[in-house]
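There are 2 protein chains.
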Amino acid sequence: MVSKNTVKFIKSLHRKKFRKQEQSFFVEGAKNVTELLRANFTVTKLLCTEKFKNQHHELMDSIEGEAILVGQHELSQIGTFQTNDAALAVATIPKAEDFEIGKGDLVLALDDVRDPGNLGTIIRIADWYGIEKLILSPETADFYNPKVLNASMGSFCRVRFMYKALDTVLGEIKIPVFGAFVDGDNLHKHDLGREGVILVGNESRGISADLAPYIHHKISIPQFGAAESLNVAIATAVICDNFMRKKNQKSFDQ
Amino acid sequence: MVSKNTVKFIKSLHRKKFRKQEQSFFVEGAKNVTELLRANFTVTKLLCTEKFKNQHHELMDSIEGEAILVGQHELSQIGTFQTNDAALAVATIPKAEDFEIGKGDLVLALDDVRDPGNLGTIIRIADWYGIEKLILSPETADFYNPKVLNASMGSFCRVRFMYKALDTVLGEIKIPVFGAFVDGDNLHKHDLGREGVILVGNESRGISADLAPYIHHKISIPQFGAAESLNVAIATAVICDNFMRKKNQKSFDQ
Numbered sequence: 001m002v003s004k005n006t007v008k009f010i011k012s013l014h015r016k017k018f019r020k021q022e023q024s025f026f027v028e029g030a031k032n033v034t035e036l037l038r039a040n041f042t043v044t045k046l047l048c049t050e051k052f053k054n055q056h057h058e059l060m061d062s063i064e065g066e067a068i069l070v071g072q073h074e075l076s077q078i079g080t081f082q083t084n085d086a087a088l089a090v091a092t093i094p095k096a097e098d099f100e101i102g103k104g105d106l107v108l109a110l111d112d113v114r115d116p117g118n119l120g121t122i123i124r125i126a127d128w129y130g131i132e133k134l135i136l137s138p139e140t141a142d143f144y145n146p147k148v149l150n151a152s153m154g155s156f157c158r159v160r161f162m163y164k165a166l167d168t169v170l171g172e173i174k175i176p177v178f179g180a181f182v183d184g185d186n187l188h189k190h191d192l193g194r195e196g197v198i199l200v201g202n203e204s205r206g207i208s209a210d211l212a213p214y215i216h217h218k219i220s221i222p223q224f225g226a227a228e229s230l231n232v233a234i235a236t237a238v239i240c241d242n243f244m245r246k247k248n249q250k251s252f253d254q
Numbered sequence: 001m002v003s004k005n006t007v008k009f010i011k012s013l014h015r016k017k018f019r020k021q022e023q024s025f026f027v028e029g030a031k032n033v034t035e036l037l038r039a040n041f042t043v044t045k046l047l048c049t050e051k052f053k054n055q056h057h058e059l060m061d062s063i064e065g066e067a068i069l070v071g072q073h074e075l076s077q078i079g080t081f082q083t084n085d086a087a088l089a090v091a092t093i094p095k096a097e098d099f100e101i102g103k104g105d106l107v108l109a110l111d112d113v114r115d116p117g118n119l120g121t122i123i124r125i126a127d128w129y130g131i132e133k134l135i136l137s138p139e140t141a142d143f144y145n146p147k148v149l150n151a152s153m154g155s156f157c158r159v160r161f162m163y164k165a166l167d168t169v170l171g172e173i174k175i176p177v178f179g180a181f182v183d184g185d186n187l188h189k190h191d192l193g194r195e196g197v198i199l200v201g202n203e204s205r206g207i208s209a210d211l212a213p214y215i216h217h218k219i220s221i222p223q224f225g226a227a228e229s230l231n232v233a234i235a236t237a238v239i240c241d242n243f244m245r246k247k248n249q250k251s252f253d254q
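So the sequences go chain by chain: A and B. All residue numbers for the first sequence refer to this note's numbering, where the first residue is 1 and numbers rise by one. All residue numbers for the second sequence refer to this note's numbering, where the first residue is 1 and numbers rise by one.
Note that these hints are calculated values from the structure, not bench results. Among the hints, erroneous ones may be present.
No copy labels: a pair is met if it fits in one copy or bridges any two.
Unchecked claim - List time: in silico DSBU-like cross-link candidates among lysine-lysine, alpha-carbon distance up to 35 Å:
{"hint": "1", "residue 1": "K51", "residue 2": "K247"}
{"hint": "2", "residue 1": "K8", "residue 2": "K174"}
{"hint": "3", "residue 1": "K247", "residue 2": "K8"}
{"hint": "4", "residue 1": "K189", "residue 2": "K53"}
{"hint": "5", "residue 1": "K4", "residue 2": "K246"}
{"hint": "6", "residue 1": "K4", "residue 2": "K218"}
{"hint": "7", "residue 1": "K189", "residue 2": "K31"}
{"hint": "8", "residue 1": "K20", "residue 2": "K247"}
{"hint": "9", "residue 1": "K103", "residue 2": "K11"}
{"hint": "10", "residue 1": "K4", "residue 2": "K164"}
{"hint": "11", "residue 1": "K45", "residue 2": "K174"}
{"hint": "12", "residue 1": "K31", "residue 2": "K218"}
{"hint": "13", "residue 1": "K189", "residue 2": "K16"}
{"hint": "14", "residue 1": "K174", "residue 2": "K51"}
{"hint": "15", "residue 1": "K103", "residue 2": "K51"}
{"hint": "16", "residue 1": "K189", "residue 2": "K51"}
Note that the coordinates shown come from a computational prediction; the quantities given were computed from them, not determined experimentally.
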């Protein structure tokens, strides 16, 4: 049985304001919760069904906070999933990182990607392609938004990120910046390097004009049909795939 | 002013049963509605704001049915968008096609892609890469679902599709079938041909085991990090990109 206070507390975490105030976030569903429990987070509450408990009892020891048995119905009332027969976990937001970007790095930079589903999908793509560092503009969706975490399918545990003004970051780094545009060089023919920042822009207006001075290469995904554009997460995946193909070829060539 | 009957009629089209019964569907938003009006559909109703009418008056002549001026509030109440300051149009579902698949074709086949957002995104990807033909298994989301059409961003006007049992279609065709798996050959190193069927599977279980006899090449997107999988629309985009790169290279090599 979950107390009214716990319900109220978790429901407040749907909103960024309260996540910030409480320095807490929650994740839902078997995949995200098990990834969270296995990773290096401080889990303060676990709400789970009997079924989840039986399937994952080895993970239960890692919880510092309380574990509460609940029914499916309660889980879907507290969280964002329409159905959730597994679990919901609350964890402490880790201290914000401030990492270096240097030689050999392949990094993603997001300029105001507002849709939480897009950010979550991009986190999953980054994790697939082994890209560990993400630079997020301050207006990009909140990393700890439940929709972001859900769409990341557990990959949120394996990427590093920092929210920073992109002009500041791009102005300081020493590796090339590749910006995704509709009128750039053909990605299939461009000599993509082994290192760099892949910069993608906002869903409607693309990359901000004021970042132009920091972009060394304007690249585009070649278009063979008539669609005007691709979704930003789709474009990010295709660009990452092209980079990793080249990076991999080059390491074979050495 | 929209009549109660019209509201009721359009609301019924949110559901597949009534779309089938009425042989009608609707699209929303400036992008999709203008694409619909420019394409070869029979538009039976157009609900639009004063603003949309002023911006697109040249398109209004192509409507066979009635045009009704409405407010934003009405549009969002009738359709699926939270806000819609442009238009909503109802059109007749065209007669189902039955096209041939032959030499030189590059075709997408979807095995039970259930999520409407994924299907819509895949339609947009197909249109970007100039892939005109889609084969959809009967359990794949409905092409005329409003969420599919919305996610397609107008590309629904430019692809051809048929709902057919995939074993029947794949058993009859004479071009190679490439199935997307997690344990297939590395897509970056595989000798992708100039023609073929790209087969992708359901969001949770992948490609049905009973399609195995029809698959000539098992392909996989190489993974460099730790994410378990990629979303089906993301995977489709990356595979299409690899095919078009090869197809393009080969036509240069001739």
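Hints and how they fare:
Taking the closest pair of Cα atoms, K51 and K247 never come within 35 Å of each other, the shortest separation being 44 Å inside a single copy and 49 Å across copies. Taking CA atoms no more than 35 Å apart as the test, K8 paired with K174 passes in neither setting, with 47 Å inside one copy and 60 Å between copies. For the homomeric pair K247 and K8, neither the shortest alpha-carbon distance inside one copy (48 Å) nor that between copies (56 Å) is at most 35 Å. With identical chains, the CA atoms of K189 and K53 are never at most 35 Å apart, being 52 Å at best within one copy and 43 Å at best between copies.
For a Cα distance limit of 35 Å, the shortest separation of K4 from K246 qualifies neither inside one copy, at 54 Å, nor across copies, at 59 Å. Taking the shortest alpha-carbon separations for K4 and K218, neither the intra-copy value of 53 Å nor the inter-copy value of 52 Å comes in at or below 35 Å. Taking the shortest Cα distances, K189 and K31 sit within 35 Å of each other only across copies (31 Å), while inside one copy they are farther apart (38 Å). Taking CA atoms no more than 35 Å apart as the test, K20 paired with K247 passes in neither setting, with 38 Å inside one copy and 50 Å between copies.
In this assembly of identical chains, the alpha carbons of K103 and K11 never lie at most 35 Å apart, being 43 Å within a copy and 56 Å across copies at closest. In this assembly of identical chains, K4 and K164 lie within 35 Å of each other by CA distance neither inside one copy nor across copies; the values are 37 Å within and 51 Å between. Proximity of K45 to K174 under the C-alpha cut-off of 35 Å is found in neither arrangement, the shortest distances being 43 Å within a copy and 57 Å between copies. Proximity of K31 and K218 under a CA criterion of 35 Å is satisfied inter-copy only: 26 Å between copies versus 37 Å inside one chain copy.
In this homomeric assembly, K189 and K16 never come within 35 Å of each other (Cα to Cα): the closest approach is 42 Å inside a single copy and 44 Å across copies. Proximity of K174 to K51 under the C-alpha cut-off of 35 Å is found in neither arrangement, the shortest distances being 51 Å within a copy and 48 Å between copies. Taking the shortest alpha-carbon separations for K103 and K51, neither the intra-copy value of 47 Å nor the inter-copy value of 52 Å comes in at or below 35 Å. Taking identical chains as interchangeable, the C-alpha atoms of K189 and K51 are never at most 35 Å apart, the minima being 52 Å within one chain and 43 Å between chains.
Consistency with the previously given hints fails for numbers 1, 2, 3, 4, 5, 6, 8, 9, 10, 11, 13, 14, 15, 16, ordered from lowest to highest.
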